[in-house]
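K.L.:
Spelled out from the first residue to the last, the chains are:
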Amino acid sequence: MKTLSRIQFSKLALSFSVVLIGFTILYFLTIYLATSTLAYNRLILLINIALSIVGGWLLYKSRFHVAFSFDELGFILQKGKKERIEHKWQDFSRVSLLHLGSGVFGIRLYNKQDKFVDIPVSALKLNPSEFRFEVMQLIKGK
Amino acid sequence: MTDFERCLLDIENELMTGKCAWVADFNESFRNLKIGDTSFNMVVRGNTRGKSMGLFLSRMYSYFTLPSYDVACFVSCVDSFGERALNATLREVTNYLKNNDLKWAWLVFLRKGPFSDDIRKAVENMKFQELGVALIDIESNTVTPSNSYLGRSIPKYLKLKRRP
Chain G
0 MKTLSRIQFS
10 KLALSFSVVL
20 IGFTILYFLT
30 IYLATSTLAY
40 NRLILLINIA
50 LSIVGGWLLY
60 KSRFHVAFSF
70 DELGFILQKG
80 KKERIEHKWQ
90 DFSRVSLLHL
100 GSGVFGIRLY
110 NKQDKFVDIP
120 VSALKLNPSE
130 FRFEVMQLIK
140 GK
Chain H
0 MTDFERCLLD
10 IENELMTGKC
20 AWVADFNESF
30 RNLKIGDTSF
40 NMVVRGNTRG
50 KSMGLFLSRM
60 YSYFTLPSYD
70 VACFVSCVDS
80 FGERALNATL
90 REVTNYLKNN
100 DLKWAWLVFL
110 RKGPFSDDIR
120 KAVENMKFQE
130 LGVALIDIES
140 NTVTPSNSYL
150 GRSIPKYLKL
160 KRRP
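Heads up: the protein sequence lines correspond to chains G and H, in order. Number 82 in numbering that gives the first Met the number 0 belongs to position 83 of the first sequence; there are no gaps in the numbering. Number 85 in numbering that gives the first Met the number 0 belongs to position 86 of the second sequence; there are no gaps in the numbering.
Do not rely on the hints blindly, as some may be mistaken.
[Unchecked claim] Distance condition first, Cα-Cα at most 30 angstroms in a straight line; then the derived BS3-like pairs of lysine-lysine:
id, chain 1, residue 1, chain 2, residue 2
1, H, Lys33, H, Lys120
2, G, Lys111, G, Lys60
3, H, Lys33, G, Lys114
4, H, Lys33, G, Lys111
5, G, Lys124, H, Lys18
6, G, Lys111, H, Lys97
7, G, Lys139, G, Lys10
8, H, Lys102, G, Lys114
9, H, Lys18, G, Lys10
10, H, Lys97, G, Lys114
11, G, Lys87, H, Lys18
12, G, Lys111, H, Lys111
13, H, Lys158, G, Lys124
14, G, Lys10, G, Lys114
15, H, Lys97, H, Lys33
16, H, Lys126, H, Lys155
17, H, Lys155, G, Lys139
18, H, Lys155, H, Lys97
19, G, Lys139, H, Lys126
[Stated by the list, open to error] Now the stretches of chain G that chain H is said to cover, found in silico as 3 or more residues with beta-carbon under 8 angstroms:
id, stretch
20, 57 to 68
21, 94 to 106
Honestly, the hints are just simulated from the structure, not real lab data. We treat Cβ as the ideally placed atom computed from N, Cα and C, and that holds for glycine.
Construct the entire structure; sequences and hints are all you get.
P.N.:
The following block contains the structure:
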């Protein structure tokens with residue numbers, strides 16, 4: 000099985016920022032409750048940044064990281080740690096190229112009941128149009 | 000890659016990420032879609048409101064000012080093409096509009112070489128309000144639109160790249 004997995008730097012930056020803001024708020028709350036002041040120094044900032052790098056990476060891996068494995072028979076799409084989708088290409092009958100805005104593309108696979116599964120091709124840094132044709136061939140079973 | 004495939008990609012890019020964003024947010028593209036008895040090389044669906052990626056105010060503005068109409072663009076690559084085939088395709092597209100609650104659609108025929116005078120005259124005299132039709136000769140990049148607001152807007156927004 001071929002596996003594709005790319006780091007999405009925008010999502011990683013988002014995770015880092017969220018954790019940094021969280022740690023900063025937590026620090027100020029704690030220090031204010033303990034000393035009734037809002038003291039802050041460079042060391043605290045460096046510790047917060049170091050913790051946010053680790054926390055941001057863990058948050059990114061658990062929520063946003065996308066890994067996609069596929070072969071001629073089917074595919075496995077793993078989004079974060081919780082969401083795992085596994086299907087055979089034969090489960091689907093139609094493919095569409097989806098523009099999600101701001102140059103972000105996805106591939107939508109429809110089954111016969113018109114239910115669909117989206118593959119986030121932009122997150123995998125694939126050429127959306129070329130990958131769409133590849134998926135169309137895989138669905139046809141050729 | 001054939002000339003037709005190149006043109007389809009040009010049109011798809013123009014619809015999804017190009018100038019056509021001013022008309023509607025064309026966000027989903029199907030290839031080789033069969034509708035009724037007619038097979039289209041490409042069908043791109045969209046909505047006139049779309050989804051604003053801006054901040055809160057621009058989202059509010061688009062929500063309250065833009066109508067939310069589902070629309071589509073049908074593209075068919077043809078070799079030999081008669082009035083009977085044109086009418087059958089028009090019928091399929093009109094039925095599709097009704098069945099899927101689409102407000103309007105563009106229908107584009109691509110051909111390598113000029114279309115016959117009969118077909119060109121038939122298209123030029125069309126006055127469908129909810130359907131804009133255009134014939135595009137991909138060799139000379141000549142566009143023959145139908146005589147309606149939607150038809151006349153096709154050459155304005157769907158431009159094929161000139162190739163040597």
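K.L.:
Can you list which hints this structure breaks, lowest number first?
P.N.:
2, 7, 11, 12, 17, 19 and 20
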